[in-house]
Each structure stands twice: as structure tokens, then as C-alpha cells.
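Work the whole structure out from these sequences, hints included.
2 protein chains.
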Amino acid sequence: MKGGLVSETGAVLHSERRPTPRAEGPDAVVAAIRDFISHLATAGDGTPEGVGLAVPGLVSETAASYAANLGWRDVPASDFTTLDVPVLLGHDVRTGGLAESVFGAGRGISDFLFLPIGTGIAGAMIIEGAPYGGSSGWGGEIGHVPVFPDGEQCACGQLGCLETYASAASVGRRYSLRAGLEGVRAEQVVSSDDPIAIEVWDEAVEALSLALATYTLLLDPSLIVLGGGLSEAGPALFDPVRTRLVKRLTFRDAPPLVPAALGVDAGMLGAALLGWRAAGRPDLGPDWSTDVRSAPSVS
Amino acid sequence: MKGGLVSETGAVLHSERRPTPRAEGPDAVVAAIRDFISHLATAGDGTPEGVGLAVPGLVSETAASYAANLGWRDVPASDFTTLDVPVLLGHDVRTGGLAESVFGAGRGISDFLFLPIGTGIAGAMIIEGAPYGGSSGWGGEIGHVPVFPDGEQCACGQLGCLETYASAASVGRRYSLRAGLEGVRAEQVVSSDDPIAIEVWDEAVEALSLALATYTLLLDPSLIVLGGGLSEAGPALFDPVRTRLVKRLTFRDAPPLVPAALGVDAGMLGAALLGWRAAGRPDLGPDWSTDVRSAPSVS
Chain A
1 MKGGLVSETG
11 AVLHSERRPT
21 PRAEGPDAVV
31 AAIRDFISHL
41 ATAGDGTPEG
51 VGLAVPGLVS
61 ETAASYAANL
71 GWRDVPASDF
81 TTLDVPVLLG
91 HDVRTGGLAE
101 SVFGAGRGIS
111 DFLFLPIGTG
121 IAGAMIIEGA
131 PYGGSSGWGG
141 EIGHVPVFPD
151 GEQCACGQLG
161 CLETYASAAS
171 VGRRYSLRAG
181 LEGVRAEQVV
191 SSDDPIAIEV
201 WDEAVEALSL
211 ALATYTLLLD
221 PSLIVLGGGL
231 SEAGPALFDP
241 VRTRLVKRLT
251 FRDAPPLVPA
261 ALGVDAGMLG
271 AALLGWRAAG
281 RPDLGPDWST
291 DVRSAPSVS
Chain B
1 MKGGLVSETG
11 AVLHSERRPT
21 PRAEGPDAVV
31 AAIRDFISHL
41 ATAGDGTPEG
51 VGLAVPGLVS
61 ETAASYAANL
71 GWRDVPASDF
81 TTLDVPVLLG
91 HDVRTGGLAE
101 SVFGAGRGIS
111 DFLFLPIGTG
121 IAGAMIIEGA
131 PYGGSSGWGG
141 EIGHVPVFPD
151 GEQCACGQLG
161 CLETYASAAS
171 VGRRYSLRAG
181 LEGVRAEQVV
191 SSDDPIAIEV
201 WDEAVEALSL
211 ALATYTLLLD
221 PSLIVLGGGL
231 SEAGPALFDP
241 VRTRLVKRLT
251 FRDAPPLVPA
261 ALGVDAGMLG
271 AALLGWRAAG
281 RPDLGPDWST
291 DVRSAPSVS
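Line by line, the protein sequences are chains A and B.
The first sequence begins at 1 in UniProt numbering and counts up by one.
The second sequence begins at 1 in UniProt numbering and counts up by one.
Just so you know, the hints here were simulated from the structure itself, not pulled from any lab data.
Treat the hints with care, as some may be off.
Intra- or inter-copy, both count: the list cannot distinguish identical chains.
Stated by the list, open to error - With a straight-line cut-off of 25 Å between C-alpha atoms, the simulated SDA-like cross-links for lysine to any residue are:
1) K2 with F148
2) K247 with D150
3) K2 with L284
4) K2 with I109
5) K247 with Y66
6) K2 with G157
7) K2 with S222
8) K2 with T243
9) K247 with S135
10) K247 with D84
11) K2 with R107
12) K2 with A179
13) K247 with F148
14) K2 with S192
15) K247 with A155
16) K247 with P149
17) K247 with G134
18) K2 with A68
19) K247 with L58
20) K247 with A67
21) K247 with G151
22) K247 with N69
23) K247 with G46
24) K247 with A68
25) K247 with C156
Okay, here's the thing in C-alpha cells:
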């Protein structure tokens, strides 16, 4: 997990990573978050005015309801900190999308898709200016739309999911399997001219362009923002996906495809926005800088 | 085109159909609508308080911007009537979705999909209580999502669109072509035990279940409402689509799949809601009856 102390001008005064003690169970994870927040609070000159926290799974502003990989159930927001300040929770991907929306690649854009491509794939749908999670908070699972109806089985059990072809983990895994190697990483596959690598990358690009064509036809976004580790591939990702997306669409234009502005910090910066909202400052954010890399970081 | 005179209690005092003079060009179509509205206005005891009009293509509340099959461009709402009353325009499918949302199958449901399946397929996405058309009004084109990436070419030029497998027109066309017959209608295909008919219907059902799985994973609707001519097939449509939708989804439940409540009148009744909204009565609708078939109709 990652945390930081962010000022009202968006300066990252301190940021830090800690391991998540998943194996020790949900109570240990909540306790670790509590300790981490207390620790972060001491990194500044005074007491924070609010706390924002981005968590996976099903979540409302006031409770972390469920997360398959953490095992917790209905943890109230206040359980996550001993600080006597207001707390707001958000969904991890949608909180990253919030930051990209408020002052990142989607600044000033009311309707767009933020799609981080990492170990897995899930999207933040920004609709009429705010992240939209569906009727029950389970929306945005674009990583599991069936792009190839009779395709490979995903870890989720479904067939032909986008994620099983196009996540960074899948690109590495599929290449390693076909090439008879072990532990090849996605970035190595992308930059290789080995025919197997080209084939695996081609299938990832095809899967992505299908999913983005579907998203475009359904939701008519004015922008698509790609983030996460795989987006570091740059033109090797953006160029072919853009070309195929345009080709898939005949009667409408494709939305522009742009890289995320906030990189791996999107989630933390979105959580900072939530923290300031908790503190009664929903006005903060639009003038924050996307250049957060100069901030001191301990990791 | 279809029009009606609808009271503030939702009584359809009069309804009528007229041909749309497409071949005569956009001005003739606008003039025909104008005449039709004037004519409908005389069917009641007084003057209507507002006019609502559902049109295809790109449309805002105040102008019909573009419609490929009608040829018009930027027609102001006021051009559609000579009556001295306020007018509101809506998108045809989303206006039907509005009616289903306010007092039809989606009454009381804030987030759902209304999918009429007729000659073509387009959806009304109801999001947080209102039809959502995307960033520019081109959203909801679920009929053209690529369900089979290497599938048949659609009339739109794209490959493997839902519509080219599962619209009523496509089911009839695909069967006729394979069976070497002419003009077989979808309802005949659905009820036939001819192996070719079973195959064509099976492909339609598969295409629909793929598109609905994708919609569910992305938008997490709490309900899916199927309407249009093909939904008259009843259990022959709903049962297999429901079974396959459930099968496609492993880590989340499928939303309930229910028939539309307003049938072919959804668009007209949605337009009536718009007319009353134009007249300053946005409160009307929730207590209207879905039983509109007893209304006198001239067609």
C-alpha cells in the first residue's frame, strides 16, 4: 500500500510504501492501515485536516463493504484511523480516475474512461463529471468483458476476458508459456521482435481495441486515458491500439487516446482529494500540478 | 410516425400513425410533423399545454441536430409545431427508456438498460435516474458492439455487430438467406423447429447474451428491460438469453431480465412526459398506468 501527506496546494509533502499484511487476515490489514495513517500524520507540521483512503472491492464513502483479496466485510471508515478527523473512502480505480479527472489527463472533461492496465484491468468511468460505479458499485469491470467469445479461460472463470489477453501480467504469462520460458515481463515482450512476442502483443492490442470500441459505442466518451504499468510502453501500445480502434468504428469517430498524467500516484492523489473533501474542501484540486515526481518519497 | 394526445393523468385520449415522407426530404418531414401535431391538438377539448417529440439521431432538448436517415440538420424545436406552446425534444430510444423508467418496467429503478429489439438495436442507458446519451449524444449504440470480432459484416461496415445477428430484421434475413427462401419474418424463425432456424436463433441468443454480459460488467445495471418486436417472442427469447447471460458471468450475479411494460407505445408516452415537462409539469408520470391499450387508437 501507498500513502502520502498532501497539502492544500497539492504538494506531496511525504509519500511512502508499506507491504499489505494480507496473509494475516482482514483485521491485521485494517490495523496496518491505521498505523500507517498515524505515521503519515506525523510527517508534517501539524495534524491532517482529513483522511482519504482508496480501497479495492465494494466500497461506499463511509464503509469498506467487501474485498475478495483482503477478506474484510463492512469496515466503517472510522475504523481505518485513530486520528480525530473526518474520513472518506473511495474505490481504488475510481479514486485514481477522480484524480485524473480533477487535475490529470481528464481535467475539464466531463465524460471519459480512465483505464489503468497493470496486473489486472479495471476502468473508472467518468460520467457527467464524476466516477460512476454502477447500480451497486460493481461497475467498470472492463477487464472481464468477453472480447473473444470462445477465447481462453480467465482466472475469473469466464471465457475470453480482456484481462486474460491484455493485462501486463497476462502478456508476460502468455509469452512465457508459448516461448517455454519463465517469468518474462510484459515490457520485454513489447520491445521484442521475436515472432512469438509479436503474436502475443498483437493479441493484446486486438483485445484492447475491441474493448475500447465497445466502450466507445456504448458510452460515447470524449476521451480515453490509458494508465498503469503497461501504458509505459508508449507508442508501442498507443499507436496500434489507436489504429485498430479507428478501424473498428465505421460510423463514428474514435475518441482521442491519451496517456494518464499521474502515473502510479493517481490513486494516492485521488485519496488526497477525498481527504480534503472529508475536511470540507471540495474546491481543492483543479489547480494542483501533475508534476508530483519532485516530491520527497520513501519507498 | 406515431403521435398522441396524453392527459395529465396519463390517459391516451387519442393516438394515430402517419407515414413519414422520408423520400421527400427533410423539410417535408418537418412539415409533416408540424401538420400532425396541429391535427393531434384538435383531438382534445382544448389546446395542449406542451409538445414533446422523440426523434432519431443526434438531438438536444432544443434542437434536432442530425439524423442520417431523415437528412435534417439543426432543426430548432419550435420548427416542429405552429402551436404557441413550449416544446421539448428527445432521442427516440432514450425517450422510450424515459417512459419505461418513469412508470414502466423500470419504475423506481435508478440504473438499468432499456433495450428495444426491432428492425435495429439501440439501447437507452438509464443512469442515476435519467437516460444518458454519452458525451455528445451518440451513446447507447449497443447494436453495434462487436460481439463476434471476426463475424459477419454489418450494414454499418463494422464486423460482428450485435444488430447483424440479433435484430428482428437480421434474424429474418439470415434465416431466409440460409434456407433459400424470401421474406421469412423473425417470429416465424423463433417458433420453427427447422434446424436452420434453430441455428440462426441460437446465434442471435448468443450475440445478445454476449452484449448483455458486457453491459452488465461495465455498467452494473440492476435490471435489463427488453422491448421491441422481438421481445414479443417471450420465453423463447428471455429463457435462453437469461441462461447464457448467467453462464457468461462467473464472479457476479446477472441482473434480472424483464419485458418492457409499454410495448410500442414507449416512445409516444415518453414524448408525452417531455410535453408535460415542457409545460412545467416534471412531476407527472410516476402514477401513470402502463395499461394504455384501452385507449382509442386510429392507425
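Each hint tested on the structure:
| no. | hint | in the structure |
| --- | --- | --- |
| 1 | K2 with F148 | neither (35 Å within a copy, 40 Å between copies) |
| 2 | K247 with D150 | both (22 Å within a copy, 13 Å between copies) |
| 3 | K2 with L284 | within (21 Å within a copy, 50 Å between copies) |
| 4 | K2 with I109 | neither (27 Å within a copy, 37 Å between copies) |
| 5 | K247 with Y66 | between (40 Å within a copy, 23 Å between copies) |
| 6 | K2 with G157 | neither (30 Å within a copy, 47 Å between copies) |
| 7 | K2 with S222 | neither (31 Å within a copy, 33 Å between copies) |
| 8 | K2 with T243 | neither (35 Å within a copy, 42 Å between copies) |
| 9 | K247 with S135 | between (32 Å within a copy, 21 Å between copies) |
| 10 | K247 with D84 | neither (54 Å within a copy, 47 Å between copies) |
| 11 | K2 with R107 | within (23 Å within a copy, 43 Å between copies) |
| 12 | K2 with A179 | neither (35 Å within a copy, 62 Å between copies) |
| 13 | K247 with F148 | both (17 Å within a copy, 15 Å between copies) |
| 14 | K2 with S192 | neither (32 Å within a copy, 60 Å between copies) |
| 15 | K247 with A155 | between (30 Å within a copy, 15 Å between copies) |
| 16 | K247 with P149 | both (20 Å within a copy, 12 Å between copies) |
| 17 | K247 with G134 | between (29 Å within a copy, 21 Å between copies) |
| 18 | K2 with A68 | within (19 Å within a copy, 51 Å between copies) |
| 19 | K247 with L58 | between (36 Å within a copy, 22 Å between copies) |
| 20 | K247 with A67 | between (38 Å within a copy, 23 Å between copies) |
| 21 | K247 with G151 | both (22 Å within a copy, 15 Å between copies) |
| 22 | K247 with N69 | between (38 Å within a copy, 23 Å between copies) |
| 23 | K247 with G46 | neither (55 Å within a copy, 54 Å between copies) |
| 24 | K247 with A68 | between (38 Å within a copy, 21 Å between copies) |
| 25 | K247 with C156 | between (30 Å within a copy, 12 Å between copies) |
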